[in-house]
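Trainee: Here is what each chain is made of, one letter per residue.
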Amino acid sequence: MQWVNPLFIPAPGKVWIAFVQILQDGYKGSSLSHHIGDSLFRLGSAFALALVTAIPLGLISGSSLTVRSLVDPFIEFYRPLPPLAYYTMLVLWLGIGDSSKIALLFLAAFAPLYIAVVAGVRRVSADRIHAAKSLGASKIKLFIYVLFPSALPEIFTGIRTAIGVSYTTLVAAEMVAAMSGIGWMVLDASKFLRSDIIFAGIIIMGLIALLIDSALRWLEKKLVPWSGKE
Amino acid sequence: MTEAAFQAFQLSSSANEAIQAITMQGVKLIYPNGKTDAEVLGNINLSIQEGEFVCILGPSGCGKTSLLKVAAGYEQPTSGEVSIYERPHYRPHHEVGVVFQHANLFPWLSVQSNVEFGLKMLSCPRAERKEKAASIVKQVGLTSYSSLFPFQLSGGMKQRTAIARALATDPRIILMDEPFASLDAITRESLQYLIRKIWVNSGKTIVFITHDVDEALLLGTRIITMQAAPGRIEVDMPNPLNKRSEPFTFVRKHSRYGELRDLLVRSLRPEGYVLQEAAE
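Listed in order, the protein sequences are those of chains A and B. Each residue of the first sequence is one higher than the last, beginning at 973 in the numbering used here. Each residue of the second sequence is one higher than the last, beginning at 5 in the numbering used here.
To be clear, the hints were calculated from the coordinates, so they are not data collected in a lab. C-beta atoms are modelled at their ideal positions from N, C-alpha and C, and glycine is treated no differently. Possibly wrong hints are sitting among the right ones.
[Stated by the list, open to error] Partial list, computed: chain B residues near chain A (C-beta under 8 Å):
#1 Pro92
#2 Tyr94
#3 Pro96
#4 His98
#5 Val100
#6 Gly101
#7 Phe104
#8 Pro111
#9 Phe121
#10 Met125
#11 Pro129
#12 Leu146
#13 Tyr149
#14 Ser151
#15 Tyr197
[Said to hold, decoys possible] Now the in silico label distances, taken between C-beta atoms and shown as ranges:
#16 B/Lys142 with A/Pro1197: 21 to 29 Å
#17 A/Leu1182 with B/Lys39: 57 to 65 Å
#18 B/Arg91 with A/Ser1036: 47 to 55 Å
#19 B/Tyr89 with A/Ser1036: 28 to 36 Å
#20 A/Leu1042 with B/Lys39: 29 to 37 Å
#21 B/Arg91 with A/Asp1044: 58 to 66 Å
#22 B/Ala138 with A/Ser1097: 42 to 50 Å
#23 B/Arg248 with A/Val1039: 23 to 31 Å
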């Protein structure tokens, strides 16, 4: 029984077989876990980089108009650009290895994270800052012990948005000169019209995204139980 | 006429020997507001001695909160001088504790950690910090709630925590901005009792803003009333009914309570209102 051309939508059974096959034999010389591992490594390093840069910069920008007016124009300019538009430049600058891919993912994650932190800091009430100062908080301690935790709910929202954005960029990042990665696998399979592998790959990507997001939500509940209850 | 009536309550004070905790000289606060600047405080002269419990009374919008913000170092006066213990004071300082109308606690910290916050800012060692904070938490009666977070507390408990947090760094002056205004009558009374006890035992200087005449009479050893536009001091008098040595509940039973209360209420009315009444 064939309702649609299996090239457009492969039968669930075929997708399952393709999945079992890449699970057992890997895809184009690398095991499935290797593909997933490579992708997550790129995503993870880009994200770690975004966290350690966007959060401090966002905290400073959020509390200083001068810094904000210096940084914001750049971010507002590059944020709406399609990643593929400047990816070629990144490859030219950083080579075809992992670093250009990580840079692309980093740029994708940085903007939403930075914007969320700035918004979080700007929302902190003057009275809260006053209270901390009256309790003897120095400028640096104010950042660490008041502004950062105050912005934490927004930071979490930013992290979840940023993960989503950089995840969508992943396929783009693995389009150029890659030989591994889950995004590359899907792209490569599409060249051979292996829609069963494309579907299997997409489902795997979706499941990983769900897993990451639920882990983040769990972490958010653990770390900011007071969010929305102030 | 009111002036003379208040004179009758004046007591001989030993103000000259006392240590000046807060002094304000010619303090003006003007917010630029287009063509017409808003004069929030107009020429405030005030000196508060160490150990006084000063209640500042005034209708809303009279600038009493602005006065407190200047005293806390949150607002810089447009002109005039503010000193704390005879040092110029234009910045928040841990010697001047502040309790806000809404408890304003740090929502990510437990009661205990909120109280520890100031000590942490002053780099007090961890063990000492824990011990000091625990004893203050006990003093405000929250020991069994010390691990709860602000969102799990009632309004009264939040305000107790806020008081404990302000006390932890052992400030010499505590400024309170209508701290009990949003609490129910029973809770308010228990907190009034608590703050009175803290004041009696510690000898700290307290400046307490309220719009409640009864609260001012109950707690203050000195009562200042303010009038609006521009914010200025109308009446500044010692409270003859309130003595440190007596339980403060005596205040309400005092035979002159009603008379004094009436005078204060009258001084809080807008000027036009007073004139009209005088004409009757």
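Trainee: Which hint numbers doesn't this structure obey?
Mentor: Per hint list: 1, 2, 11, 12, 13, 14, 15, 18, 21, 22, 23 violated.
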